[in-house]
Structure formats: structure tokens, C-alpha cells
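Asker: Sequence:
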Amino acid sequence: MMDKKQTLWTRNFKLATSGMVISALAGVGLNIALSVVVFEETQSTLLNSIYLAASFLPNFVLPLVIGPYIDRHNPLKILVRNEIILALLFFIAGVVLNFTRFSYWPFLFASLFISCLGVVSNLASQSLIPQLMDKKFYSKGNAIISTIYPLSNVLVAPIMMILLNKVGLANVLILYSFACLIDVFIESRIDEPFEYLNTSEPLSLKTYFNDLQDGLQSLKKDTGLVSVLIFFSIVMFTNGTSSLVYPYFNQSSVLTDQNFAMLLSFQSAGYMFGGFFHYLVTIPDKKRYLVAVIVYFVFSILDGLFFFYPLLVMFGVKFILGFAGMNSANIRTSAVQHRLDNQNRAKINAMFGVSFTLFEVCGQLVAGALGEFFPIKWIHLAFNVIYFLVILVIVLPPKHKIKEMYNYDSSSL
Numbered sequence: 002m003m004d005k006k007q008t009l010w011t012r013n014f015k016l017a018t019s020g021m022v023i024s025a026l027a028g029v030g031l032n033i034a035l036s037v038v039v040f041e042e043t044q045s046t047l048l049n050s051i052y053l054a055a056s057f058l059p060n061f062v063l064p065l066v067i068g069p070y071i072d073r074h075n076p077l078k079i080l081v082r083n084e085i086i087l088a089l090l091f092f093i094a095g096v097v098l099n100f101t102r103f104s105y106w107p108f109l110f111a112s113l114f115i116s117c118l119g120v121v122s123n124l125a126s127q128s129l130i131p132q133l134m135d136k137k138f139y140s141k142g143n144a145i146i147s148t149i150y151p152l153s154n155v156l157v158a159p160i161m162m163i164l165l166n167k168v169g170l171a172n173v174l175i176l177y178s179f180a181c182l183i184d185v186f187i188e189s190r191i192d193e194p195f196e197y198l199n200t201s202e203p204l205s206l207k208t209y210f211n212d213l214q215d216g217l218q219s220l221k222k223d224t225g226l227v228s229v230l231i232f233f234s235i236v237m238f239t240n241g242t243s244s245l246v247y248p249y250f251n252q253s254s255v256l257t258d259q260n261f262a263m264l265l266s267f268q269s270a271g272y273m274f275g276g277f278f279h280y281l282v283t284i285p286d287k288k289r290y291l292v293a294v295i296v297y298f299v300f301s302i303l304d305g306l307f308f309f310y311p312l313l314v315m316f317g318v319k320f321i322l323g324f325a326g327m328n329s330a331n332i333r334t335s336a337v338q339h340r341l342d343n344q345n346r347a348k349i350n351a352m353f354g355v356s357f358t359l360f361e362v363c364g365q366l367v368a369g370a371l372g373e374f375f376p377i378k379w380i381h382l383a384f385n386v387i388y389f390l391v392i393l394v395i396v397l398p399p400k401h402k403i404k405e406m407y408n409y410d411s412s413s414l
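Quick note: the sequence shown uses the working numbering, first residue 2, plus one each step.
Among these hints, one or two may not hold up.
Only pairs whose alpha carbons sit at most 30 Å apart, straight line, appear in this in silico BS3-like list of lysine-lysine [as the list claims (entries may be wrong)]: (1) K221 to K167; (2) K207 to K141; (3) K78 to K136; (4) K221 to K136; (5) K15 to K78; (6) K221 to K402.
What the hints contain is simulated information worked out from the structure, not anything from laboratory work.
From just these sequences and the hints, can you work out the full model?
Answerer: Structure representation (C-alpha cells):
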């Protein structure tokens, strides 16, 4: 068996990657189908934003509840069990929906429950994947992992709009349940001896809070991590206007659902090629921060003007932003995971996830409410002005140590 200190592409990494590809192909299609169905049935930007926000609600508290548990148990076993439950639930949901009509509130609560299980799978994966790689391969490994979902978008987005019209949402849910079972079969073959907090002390309410406190103290000691947490939490708030993109296309007299699907494909193609670029080209240690800062500024300006472009320019801009955004995201992810130890990884990842979700949901709700009264293009521009200002206030000042964190010495790994 190949040693993970010698190569990224070990048997276990290949299995994990294969499982993620299956999961991503199905998951991307499912998310597109759900978001389209909700807006088409309600024709309300506010109800659509409430649905999107509700699907994120489990990310508020559940990661903090689950994080200490995952840090004390084998993340692979947690992931496999959870995927089996998801498969059963999606199959049942698909069968039920075949015999009932769409109803917004039951649909909302069902999605909320399923999202809870999705949070568990996501957090377990975040603890599992880094342990399948040596630290010196984090950058390339994250580039591969980050490319999976964009590649899935390129392949699935145009097809899903057609499939949804042909077979309906109920059958899409049933297909997703079978994809979950295939994912389980692949990932259950991983045989990595995972590290976790192995202690004879049972996880009681007291030890749970002690574990959480240990993770919080570890985070607070690292100025760079705290700065990245604050910066990207605000960025996720500004990203709340993404919930207005489909309503903008749907309400336009000249833009179509097919145009929207193509837009997703161009954005995902940018992510995909950005991931390939980051895998093939090594950004010098001392240049990572500079590259990230340039991307942040470019993103806030080009994306801020997005709704003022003609359609073809929209496609091009989304590709550019996807390409650039993927590289800056890999720089951030690799830097963050490089700073975390396996005993606190799930807890601190959970804190990041909770904060990002809280701010993004707030952004979606604010953007959705404003969308009932103001033109979408001006709301989107205003949110990106906030993004631009936060770069100046948090990312650039040396005292926040983001540069030091991003430009870590990879030769010492």
C-alpha cells in the first residue's frame, strides 16, 4: 500500500475522492432541484430566502453539539452510518411526494430535518479527509476536493433542469437515495487508522463543555485564525444576495431558466479549472497572501457590478470569479487546516461553520426582504461595497496576522 507521506493518491484517498464524486453529483442536482421547485411554487423572493435560510439552520448549533462527539469517535463510522440513514429518508420522502402535492411548510420542515443529517456528514468528512493526507499535500489535496463540486455543477446543472421537468422532484429524491448507498459502499472500504480524542472519560455534559472550551481556547490563541473567522463571516453575509440570482433570472423578460443553468455551469467551470490550476501550479509560500488579497478585491468589484452586465459578460465574469475564487479558497482552507490538530479539528471547524452559516443566513434574509422593495441589482452592489470595505479593515492590517497565516513555510512540513 502506498504511504501517504510519499504520495497524495493513496488507496484511501482514492476511495474517499470517489465517494465524494458520487455524493457531489447527486447532491448538486438535488440542491438545484429543491431551490427551483420552491421558487416556482411560491413565486416569492422572501419565501425562497426563508427556505434557503431554514436549510442552513442546523448549521447554527448542531456543529457545536456534534463537534466534541466526532473528535472522540472514528469519523468514518459516523459518516457511513449517517449516509445510510440519509438514503432511507430520501427514499421515503420520494415515495411520499409521489402521492401528495407540494406544500411549502411541510416541505420546509422535512428539508430542515434532512439538513441536520447533512451537517453530521459534512463535519465527519472535514475530520476524515485531512487525516488521509500528509500535511505537505494539503494544498494539492484541497485543490482536488474543492474541484469535485464545481465539476459536478458543470455536469449536472444543465441536465437537472431537464430531468426535473421530465421525472419530477419525487423521483429525483429516490435517485439521490440510491446514490447515497453507492457512496456508503465505497467509503466503507477505507481502512485508515484515524486519530481522535481517545479517553476513558465518557462524554457527559461536563466533559462536552470542557472539550468545547478547549477548542475555543485553542482558537482564541491564534490571531490569524480569529481574523480569518471574522473576515469570512462578514463575506458570507454579503454572499446572501446569491439567493436573489434565480429570482432575478425568473422575473426577467429576456432571461430564462436555461440561461440560469448555463450561468451555474460557467461559474462551476471556473471553479473546476481553478482547482486544476491550483493542483498543477504551486503558488510560492511568500505569494499566497498577495494572490488571496488580489482575488478578494477583484471579487468585490466584478461581482458587485454583476447584474449590470449583459448575459454573455455575466457568463465570462462568473467563470473568472470561479477560477480566482477557487484558488483563494484553497489558500485559506490549507492555511486553516495546517493550523489545526486532530484533537480539536472538528470543534474548530464547527465554530467556523456555525459562524459562516449564521452570517450567510442573515444575509439571505436581509437580501430577500430588501428584494421585495428594491431592485436586486442595487442590493447586490451595496452588499459588495461592504465586502470591499471589510478587506481594507481586516485583511490588510498586519496586526491581524492573516499574511503570516497564509504564507506558512511549506518546506518545514
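Asker: State for each hint whether it applies.
Answerer: To see whether the hints hold, each was checked on the structure:
Between K221 and K167, the direct Cα distance comes to roughly 52 Å. Violation of the 30 Å bound is thereby established for this hinted pair. Restraint check for K207 and K141: the C-alpha separation of about 39 Å exceeds 30 Å, so the hint is violated. Restraint check for K78 and K136: the C-alpha separation of about 23 Å stays at or below 30 Å, so the hint holds. This hinted pair checks out: K221 and K136 have alpha carbons roughly 23 Å apart, not beyond 30 Å.
A distance of roughly 18 Å separates the Cα atoms of K15 and K78; the hinted pair therefore holds under the 30 Å criterion. Restraint check: the Cα-Cα separation between K221 and K402 comes to about 13 Å, which is no more than 30 Å; the hinted pair holds.
Comparing the model with each numbered hint stated earlier shows that hints 1, 2 do not hold.
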